[in-house]
Amino acid sequence: MAARTIMIQGTGSYVGKSVVTAALCRYFRQEGFRVAPFKSQNMSNNSFVTSEGGEIGRSSAFQAQACGIEPHVDMNPILLKPTSEIGAQVVVLGKVVKVMSARQYHQYQPQLLRVIQESFQRLSQENDIVVIEGAGSPAEINLRPYDIVNMVTARMASAPVVIVGDINLGGVFAWLVGTLELLTFEERSLVRAFIINKFRGDISLLYKGLELLENMTGIGRGGFPVKSARNRG
249 MAARTIMIQG
259 TGSYVGKSVV
269 TAALCRYFRQ
279 EGFRVAPFKS
289 QNMSNNSFVT
299 SEGGEIGRSS
309 AFQAQACGIE
319 PHVDMNPILL
329 KPTSEIGAQV
339 VVLGKVVKVM
349 SARQYHQYQP
359 QLLRVIQESF
369 QRLSQENDIV
379 VIEGAGSPAE
389 INLRPYDIVN
399 MVTARMASAP
409 VVIVGDINLG
419 GVFAWLVGTL
429 ELLTFEERSL
439 VRAFIINKFR
449 GDISLLYKGL
459 ELLENMTGIG
469 RGGFPVKSAR
479 NRG
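Just so you know, the sequence shown maps onto residues 249 to 481 in the working numbering.
Hints are supplied without guarantee of correctness; some may be wrong.
[Unchecked claim] As a list, the in silico DSS-like pairs of lysine-lysine whose alpha-carbon atoms are at most 25 Å apart:
hint: 1; residue 1: Lys343; residue 2: Lys329
hint: 2; residue 1: Lys346; residue 2: Lys329
hint: 3; residue 1: Lys456; residue 2: Lys446
No wet-lab data here; the hints were simulated from the structure.
Model the full assembly from the supplied sequences, consistent with the hints where possible.
Set out below in structure tokens:
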């Protein structure tokens, strides 16, 4: 039986996706479920070597530990380790393939979709829940044809999406609404909730913003964005 899924995406990098994913992994494990993390593609020089000698992103290894299981290359089948401003070492299923420029990697990506799907399917068959992490933002419209880690993965895994924004950086409401607006209608239909991360202080000061966010996006009233912010009314 295939595992149930949930996917954590973000308004950008460093908004807390990895920590939220790890927290959900820990919560589901404590509830008695067999749970595993999954991130189809990671970009980081901070790699972790599994017991079988394969390299994965350190955040995926941390999330595996939150699940109480051994880190495995299926949890992060594609790892990009930057070597310059225009190139990265490409690691597939824990093994180095070669150093590629961004354009070379984009040409290589179609070969990786099956690798990603097979890794996910193995995790899905072995667990009750798979908690999936995206990368960067799903709303990088200039990179949409090459984005295999966000909505492509969500559709493949039939995963409801939660978008995380960091209020500590400022502009979190514009970031959340703007991210949703730049998604296609099909992609917006996958988004079920927002998480506003790193809020501190009097929570009542947030209520008006949350009400407006709900009214503008439709998310919060059952979780489905019925209309875009441009076309509400």
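How the hints compare with the structure:
no., hint, verdict
1, Lys343 - Lys329, "holds (12 Å)"
2, Lys346 - Lys329, "holds (10 Å)"
3, Lys456 - Lys446, "holds (18 Å)"
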